[in-house]
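For the sequence shown, counting from 1, position 76 maps to 76 in our numbering; every step adds exactly one.
Hints may contain errors.
[To be verified] Restraint ranges, calculated between C-beta atoms of paired labels, are given here:
no. : residue 1 : residue 2 : range
1   : Glu-105   : Pro-170   : 31 to 37 Å
2   : Pro-72    : Glu-39    : 19 to 25 Å
3   : Pro-141   : Glu-113   : 16 to 22 Å
4   : Glu-147   : Asp-57    : 34 to 40 Å
5   : Val-20    : Glu-96    : 48 to 54 Å
6   : Glu-49    : Pro-72    : 31 to 37 Å
7   : Pro-99    : Ala-124   : 31 to 37 Å
No lab work stands behind these hints: they were computed from the structure. Glycine included, C-beta positions come from ideal geometry on N, C-alpha and C.
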Amino acid sequence: MTAVPQAQFDTGERRRTADVRPLITSLIDEATVEAIAGEAWVALVGEDELLLPVPGDLPADTLSAWVDVVGPWTGSVVLTTGRQTAADLTRALLAEAAPELLDHEDVADAFGEIANVVGGNVKAALPGASTLGLPEVGPAPAVRNSEDVCRIDVLWRGQPLAVSVQGALPPLPTPNPQHDNPHPNGASL
1 MTAVPQAQFD TGERRRTADV RPLITSLIDE ATVEAIAGEA WVALVGEDEL
51 LLPVPGDLPA DTLSAWVDVV GPWTGSVVLT TGRQTAADLT RALLAEAAPE
101 LLDHEDVADA FGEIANVVGG NVKAALPGAS TLGLPEVGPA PAVRNSEDVC
151 RIDVLWRGQP LAVSVQGALP PLPTPNPQHD NPHPNGASL
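Taking the hints into account, I'd like the entire structure generated from these sequences.
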């Protein structure tokens, strides 16, 4: 007697490999983000301006600058600090060219440029081809998936600064466990 092969049905429990998104924590670690931020700081702000890997509490009045990365991993590289620290950073970046009175555009340009350099170097450290968006400045983009975040907290001139590499997409849904009788009217499937 010959056995009749049983039909194989896709139960939905497996995913196509294209459906799997990497989490940033599987692609880059805090030490790499810290090294990238530190190198960008020295290059843009000066050799005497170091970031210290000491966490501090961000003030209530913060400003963020970020760039979006789109590729195998999609998200944002976000720098967040107090508004006064962002202004001090602008003065340090512009040095002698800093106007006596800074306006919002000066701070947005300088803080955005630092986010652009840090973001570009993070992008370069990620596998695969990616594109980098233009810098934006304002309230930080929302964290969509708390597991898709690599964040460092540092001090610059004694003031707190956070560098966050955070995913832009919500978590993928998890498959439902199989039930003995999943149909609401009790019919077997």
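Hint check results:
1. Glu-105 with Pro-170: 31 to 37 Å: Once the Cβ atoms are compared, 33 Å apart, the range 31 to 37 Å for Pro-170 and Glu-105 holds.
2. Pro-72 with Glu-39: 19 to 25 Å: 24 Å, holds
3. Pro-141 with Glu-113: 16 to 22 Å: 18 Å, holds
4. Glu-147 with Asp-57: 34 to 40 Å: Once the Cβ atoms are compared, 23 Å apart, the range 34 to 40 Å for Asp-57 and Glu-147 is violated.
5. Val-20 with Glu-96: 48 to 54 Å: 51 Å, holds
6. Glu-49 with Pro-72: 31 to 37 Å: 33 Å, holds
7. Pro-99 with Ala-124: 31 to 37 Å: 33 Å, holds
Violated hints amount to a single one, hint 4; each of the other numbered hints is respected by the structure.
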